[in-house]
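**Q** Going down the list, the protein sequences come from chains X and Y. Sequence positions in the first sequence follow my numbering and run 25 to 365. Sequence positions in the second sequence follow my numbering and run 44 to 205.
Treat the hints loosely; a few may be bogus.
As the list claims (entries may be wrong) - With a cut-off of at most 20 Å between alpha-carbon atoms, the simulated EDC-like pairs for lysine to aspartate or glutamate come out as follows:
{"id": "1", "chain 1": "X", "residue 1": "Lys278", "chain 2": "X", "residue 2": "Asp303"}
{"id": "2", "chain 1": "Y", "residue 1": "Lys99", "chain 2": "Y", "residue 2": "Glu64"}
{"id": "3", "chain 1": "Y", "residue 1": "Lys197", "chain 2": "Y", "residue 2": "Asp143"}
{"id": "4", "chain 1": "Y", "residue 1": "Lys162", "chain 2": "X", "residue 2": "Glu225"}
{"id": "5", "chain 1": "Y", "residue 1": "Lys197", "chain 2": "Y", "residue 2": "Glu139"}
{"id": "6", "chain 1": "Y", "residue 1": "Lys188", "chain 2": "X", "residue 2": "Asp303"}
{"id": "7", "chain 1": "Y", "residue 1": "Lys191", "chain 2": "X", "residue 2": "Glu274"}
{"id": "8", "chain 1": "Y", "residue 1": "Lys162", "chain 2": "X", "residue 2": "Glu220"}
{"id": "9", "chain 1": "Y", "residue 1": "Lys191", "chain 2": "X", "residue 2": "Asp270"}
{"id": "10", "chain 1": "X", "residue 1": "Lys288", "chain 2": "Y", "residue 2": "Asp140"}
{"id": "11", "chain 1": "Y", "residue 1": "Lys184", "chain 2": "X", "residue 2": "Glu274"}
{"id": "12", "chain 1": "X", "residue 1": "Lys289", "chain 2": "Y", "residue 2": "Glu204"}
To be verified - Some chain Y residues well away from chain X (every beta-carbon gap over 10 Å; in silico):
{"id": "13", "residue": "Asp81"}
{"id": "14", "residue": "Glu110"}
{"id": "15", "residue": "Leu200"}
Said to hold, decoys possible - With the C-beta cut set under 7 Å, the calculated list includes, among others, these residues of chain X facing chain Y:
{"id": "16", "residue": "Ile199"}
{"id": "17", "residue": "Ser201"}
{"id": "18", "residue": "Tyr203"}
{"id": "19", "residue": "Glu282"}
{"id": "20", "residue": "Leu286"}
{"id": "21", "residue": "Lys288"}
{"id": "22", "residue": "Ile294"}
{"id": "23", "residue": "Ile297"}
{"id": "24", "residue": "Ser301"}
{"id": "25", "residue": "Pro302"}
{"id": "26", "residue": "Ala304"}
{"id": "27", "residue": "Arg310"}
{"id": "28", "residue": "Leu311"}
{"id": "29", "residue": "Gly315"}
What the hints contain is simulated information worked out from the structure, not anything from laboratory work. We put the CB at the ideal spot given by N, CA and C, even for glycine.
Chain by chain, the residues run as shown.
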Amino acid sequence: MVNLMKIIILGFGAVGQGVARVISMKKDYLKNKYELNPQIVAVCDRSGAAICETGLDEELLIQTKNDTGKVALYPDYGHPDIDSLQVLDEVEYDCLVEVTPTDIDDGEPARSHIMKSMEDGKDVVTSNKGPLALSFQDLADCARMNGVEFKFEASVGGAMPIINFAHETLAGCEIESIYGILNGTTNYILSRMANEGSSYEQTLKEAQEMGIAETNPYQDVEGIDAACKIVILANSVLNLPVTLKDVEVEGISKITSESIALAKKEGLLIKLIGEASPDALEVSPRLVRLGSPFAVEGTLNVATLKTDLADDVTVVGKGAGSVETASAILSDIVSIWKIRK
Amino acid sequence: MRFNLVLDVPDVPGQLLEVLEPMGRLGANIVAVIHQRDVKTERGTVPVQITIEGDKETLDKVMGALESKDIQILEVDGVLRKEQITTVLVGDIVEEDLQDTVSKLNQLKSVKVADLDLKMSDEPKNSATKMVIEADFGLRKEVLKNIKKLGAEKGFLVINEV
Numbered sequence: 025m026v027n028l029m030k031i032i033i034l035g036f037g038a039v040g041q042g043v044a045r046v047i048s049m050k051k052d053y054l055k056n057k058y059e060l061n062p063q064i065v066a067v068c069d070r071s072g073a074a075i076c077e078t079g080l081d082e083e084l085l086i087q088t089k090n091d092t093g094k095v096a097l098y099p100d101y102g103h104p105d106i107d108s109l110q111v112l113d114e115v116e117y118d119c120l121v122e123v124t125p126t127d128i129d130d131g132e133p134a135r136s137h138i139m140k141s142m143e144d145g146k147d148v149v150t151s152n153k154g155p156l157a158l159s160f161q162d163l164a165d166c167a168r169m170n171g172v173e174f175k176f177e178a179s180v181g182g183a184m185p186i187i188n189f190a191h192e193t194l195a196g197c198e199i200e201s202i203y204g205i206l207n208g209t210t211n212y213i214l215s216r217m218a219n220e221g222s223s224y225e226q227t228l229k230e231a232q233e234m235g236i237a238e239t240n241p242y243q244d245v246e247g248i249d250a251a252c253k254i255v256i257l258a259n260s261v262l263n264l265p266v267t268l269k270d271v272e273v274e275g276i277s278k279i280t281s282e283s284i285a286l287a288k289k290e291g292l293l294i295k296l297i298g299e300a301s302p303d304a305l306e307v308s309p310r311l312v313r314l315g316s317p318f319a320v321e322g323t324l325n326v327a328t329l330k331t332d333l334a335d336d337v338t339v340v341g342k343g344a345g346s347v348e349t350a351s352a353i354l355s356d357i358v359s360i361w362k363i364r365k
Numbered sequence: 044m045r046f047n048l049v050l051d052v053p054d055v056p057g058q059l060l061e062v063l064e065p066m067g068r069l070g071a072n073i074v075a076v077i078h079q080r081d082v083k084t085e086r087g088t089v090p091v092q093i094t095i096e097g098d099k100e101t102l103d104k105v106m107g108a109l110e111s112k113d114i115q116i117l118e119v120d121g122v123l124r125k126e127q128i129t130t131v132l133v134g135d136i137v138e139e140d141l142q143d144t145v146s147k148l149n150q151l152k153s154v155k156v157a158d159l160d161l162k163m164s165d166e167p168k169n170s171a172t173k174m175v176i177e178a179d180f181g182l183r184k185e186v187l188k189n190i191k192k193l194g195a196e197k198g199f200l201v202i203n204e205v
């Protein structure tokens, strides 16, 4: 008996499309391995929604979005005049995948989406850092009170496993602190500066031209994105009830090629490191040894968990990318399924 | 009794002799010397392992003599005595008085600036300074905090080790 899991995806950018793609790619695998038949019953973006209670076609969703930019133009099942909260009210589903763009001022609209879903007794998977960084404890309490699963592996480090890794694989270990390179854009810029001896401004421009840095790179280069992830790790792994304003943040925009050259002479690299521990919540440029686990190049993310039993454990992975991030969301969907079936 | 020492010796001719001299003079018995010139610290110095034997009074005198010769004792019987902390400051250090920065660091308890490297930029505020600071073992956190504080006062970006 193959069981249905009805899914609503809110937000259909790179990550949302990645989720549709991995669900389409992994249909047989999920059926055979987990007896799981995930069905996307609704997708919303700014244009409205596509809704079909017997399941939308994943490839057609992606194609419609790519061709027209609007899921509301999905053939026969498009609804241009409906907003996301209405969809959550009217469509029958089991699990919400919240992947709207991150907002770090008020966490909206993701926060309302997640809260509503949980209050309605639905499980939630998200990659959205905004609501987690601003009101983690409220969301966790809400999930607990409503007896629903709330998972967010994809919010930190994209495909790099860390949250579930800490909770499940390292179960039994007390995790004392976490250090990591949690932002791919800044790691790319700093790696290029170290390799080429180029200036910050020049390298940022190059990264923007390559699509690695955004047109408005503020959240990445000033460390805000990494700080959000530190808050999520501090809450979920270290049980510290903190929010974004508790993090001391210094970005990379003041890093000069001179400082990188001096560090290099000493066998050191400069990396933007996030630290979460009971004594410090910090994102700042730090010196790391060449050859150490932190000396990763390009857009890779890395994190070291300091534990009481296993000593240091380090994970490395791709911090961004549509299918890569969706892989983390799929793993959350599967773990919810294992609980629910 | 015996002491197993690790000393930090500059890689220049005559240094090993310089280190051994007080041991012989004061009557300590040298049990072993391990001196591998191709194993170096990041600063290019050579860590030399020496085991000496003698009564407590003699060995204490030797330690005193080494210290007065400014020979760095890194380890005694496997216990670290000193640790090195590297930091990079970004900012106009010349304008913000290099000497004052160093002396403020030296004023911190059991802290000494051991090495300093400057890279000036056309744009003074982009200039960088690397410092290697030696501190008694266990003071790392406190020293890093103090460097940060000093950096903030003088408007430098402080890049500390992880």
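**Q** Compare the structure with each hint and give your call.
**A** Quick rundown of the hints versus the structure:
no.	hint	verdict
1	Lys278(X) to Asp303(X)	violated, 25 Å
2	Lys99(Y) to Glu64(Y)	holds, 18 Å
3	Lys197(Y) to Asp143(Y)	holds, 10 Å
4	Lys162(Y) to Glu225(X)	holds, 19 Å
5	Lys197(Y) to Glu139(Y)	holds, 7 Å
6	Lys188(Y) to Asp303(X)	holds, 12 Å
7	Lys191(Y) to Glu274(X)	holds, 12 Å
8	Lys162(Y) to Glu220(X)	holds, 17 Å
9	Lys191(Y) to Asp270(X)	holds, 18 Å
10	Lys288(X) to Asp140(Y)	violated, 25 Å
11	Lys184(Y) to Glu274(X)	holds, 19 Å
12	Lys289(X) to Glu204(Y)	holds, 15 Å
13	Asp81	holds, 16 Å
14	Glu110	holds, 26 Å
15	Leu200	violated, 5 Å
16	Ile199	violated, 17 Å
17	Ser201	violated, 11 Å
18	Tyr203	holds, 6 Å
19	Glu282	holds, 4 Å
20	Leu286	holds, 4 Å
21	Lys288	violated, 10 Å
22	Ile294	holds, 6 Å
23	Ile297	holds, 6 Å
24	Ser301	violated, 11 Å
25	Pro302	violated, 13 Å
26	Ala304	violated, 9 Å
27	Arg310	holds, 5 Å
28	Leu311	holds, 5 Å
29	Gly315	violated, 12 Å
Hints 1, 10, 15, 16, 17, 21, 24, 25, 26 and 29, counting from the list given before, are not met by this structure.
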